[in-house]
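Full structure from sequences and hints, please.
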Amino acid sequence: MTATTTQPTLLRRALSLPQAKIGLTLTTVVVAVAVLGPWVGPWLTGHDTTGFAGKPFQSGGIAGTDGLGRDVLTRFLAGGLTLLVYAVLATALGLVLGALLGMLAGYSGGWLDSLIMRGSDVLLSFPQLVFALLAIAMIGPEGWLLVLVIGITHAPRVARVARQSTVAVKDADFIRAARMYAMPRRRILLREVLPNITGPLMVELGLRLTYSIGYVASLSFLGLGIQPPTADWGLMINENRIALVVEPWGVLLPVLAIAVLTVGTNLITDSLASAAAGTSKSGEPHPAKEASA
Amino acid sequence: MFRLILRRLAISVAVLWLVTLLVFVATLLLPGDPARAILGQQATPERIAALNDQLGLDAPVWQRYLDWLGGVFTGDLGTSAASQGPVTELLGGRIGASLVLLVGAAVISTAGGLALGTWSALRRGRAVDHTVSGLSLVVAALPEFVIGVALIVVLSTTVLPLFPSVTLAPPGEPVWSQPIQLVLPILTLTLVVTPYITRMMRATMSEVLDSGYVEMARLKGLPERVVITRHAVPHAIGPVAQVIAIQLAWLAGGVVVVEFLFRYPGIGQALIDAVNNRDVEVVQAITLLIAGVYIVVNLIADIVGIMTNPKLRAEVAR
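Residue numbers (our numbering), protein chains in the order written: chain A, 2 to 294; chain B, 2 to 319.
If you're looking for bench data, these hints aren't it; they were derived computationally from the structure. Remember, it's a predicted structure, so these values are computed and weren't measured experimentally. All C-beta atoms in this analysis are idealised placements derived from N, C-alpha and C, irrespective of residue type, glycine included. Please note that a few of the clues may not be correct.
Looking from chain A toward chain B, a few residues come up when the C-beta cut is under 7 Å (computed) [what the hints assert, rightly or not]: (1) 122; (2) 123; (3) 137; (4) 139; (5) 267; (6) 271.
Have a look at this one:
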């Protein structure tokens, strides 16, 4: 198998599975709402996200107003973009960092391998959310810190997968050939090893994206992520849950959006895992939550 | 095998030590001067120096680390800046409350996951199997606060107002004096981890059911019930035990969000309060505690793995 044929067939195999189609549809719908919402919202409702649209808990409009008299629908439409951007950035950071460290550890072996993997063990001994809370307690709920901390805690989990896959291919003939013509290690890793471990890495991408969305939303829900008065789904759920009976939309809309989004990305991940495992049946286990710990 | 286990134990101790280092170093990131923060802008340099001396802040970093670590070992976790009381006192009752949630969720999700996984494997390819697999895939994707809020919407407010959504323990009385308020927090945690156990059990059980010894047991005319309980399940549980332990370790972190959501008076909520108040010593104590639980449960998982699966022996030794 060479690099040019592996990736398209894996993707195509994954996308032909039913759960991939459902997952892709769900994800696309929520992403469209999140990306277009901030512009469509004010135009649709005539309100902005922080301004007062009426008295508290007014039921006019489509979803009424929240406890501060702000229009719930406008805030819902505006509230997904930051979450999505943070989650994507954190996933990208974790994937790149983890893949590089894992490949380096697996390919080099020896003390470098031990150093990287023991370092990962330390990070792996905190639940990700607790590690994020430790950092936020010291520095404060900054956006860059959320991305950094979630990305860094993803890295050792990705690194384990990357390392294992690298060890499996590092003595293949084409890599021994590359070593023989003294190709530098950096080039071997990026040109020879990386294209051959894209399968497991794509599964990791999906898995980490699902978790990133959950972590960013959870931290905002805890009041320690995205800060008011920004409209954000996680934060909205916390702000409006006291008034659940009076004005349910302020909680239901963001809860539904987050649920549909994470279910969507998880279905895509499952299809990738099934395709990578060479089976098409659903229900095969893909890496369990924190399975690498 | 004992050497392997000892080695794994040594690694855990080393990791735990590195964790204490990390938790301590994190406090050095705190911006500003703690003494000035306590005394305010008008404080004279003499008073700041005196307070630094009293707090031990003028000692070198390594000495402060050793003092703190010594305190951890002797059960002195420092003073809470918010409550002005000892951290141990603050955490004492809360640890028990959190344990109730953890143990409750652990027992229910383990039993439920094993049963669902087995049932699903026995009816492979049928409607039950597809429903269980599909549902577990969906629930596994949801963040715990989404599950919790959904449960509140359905079981506490609108459709069936059965259970309280907020824990209101009278002061001085343990939370379990009113078991009904434990239902939703435990149910949330259970739903978070059960899908993983179910999926793993289904996969292992399917494999075991296709094996020669199960076929043999059937061929010699044993009743199906005996085939399942005596021959199939014991072989499937070994590999699943590790996944269960990993999920239980994960609960130690998941409890934070769930306690905040239900205003449950455990260590998770104390952690959120401490982060909000920048109550450093409480944050240190709780993160260390959670990391400790996490490391110990993972250690047990690996030891179970070593003892039940000969193939794992080489891998864990690495």
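Consistency of the hints with the structure:
1. Nearest Cβ of chain B to the Cβ of residue 122/A: about 5 Å, under the 7 Å cut. The hint holds.
2. Here the hint on residue 123/A is kept, as its CB sits about 5 Å from the closest CB of chain B, short of 7 Å.
3. Taking 7 Å as the C-beta contact cut-off toward chain B, the hint placing residue 137/A at the interface holds, the least distance being around 6 Å.
4. For residue 139/A, the shortest C-beta to C-beta distance to chain B is roughly 4 Å, which falls under 7 Å, so the interface hint holds.
5. Taking 7 Å as the C-beta contact cut-off toward chain B, the hint placing residue 267/A at the interface holds, the least distance being around 3 Å.
6. The restraint placing residue 271/A at the interface with chain B holds, with a minimum CB-CB distance near 6 Å, inside the 7 Å limit.
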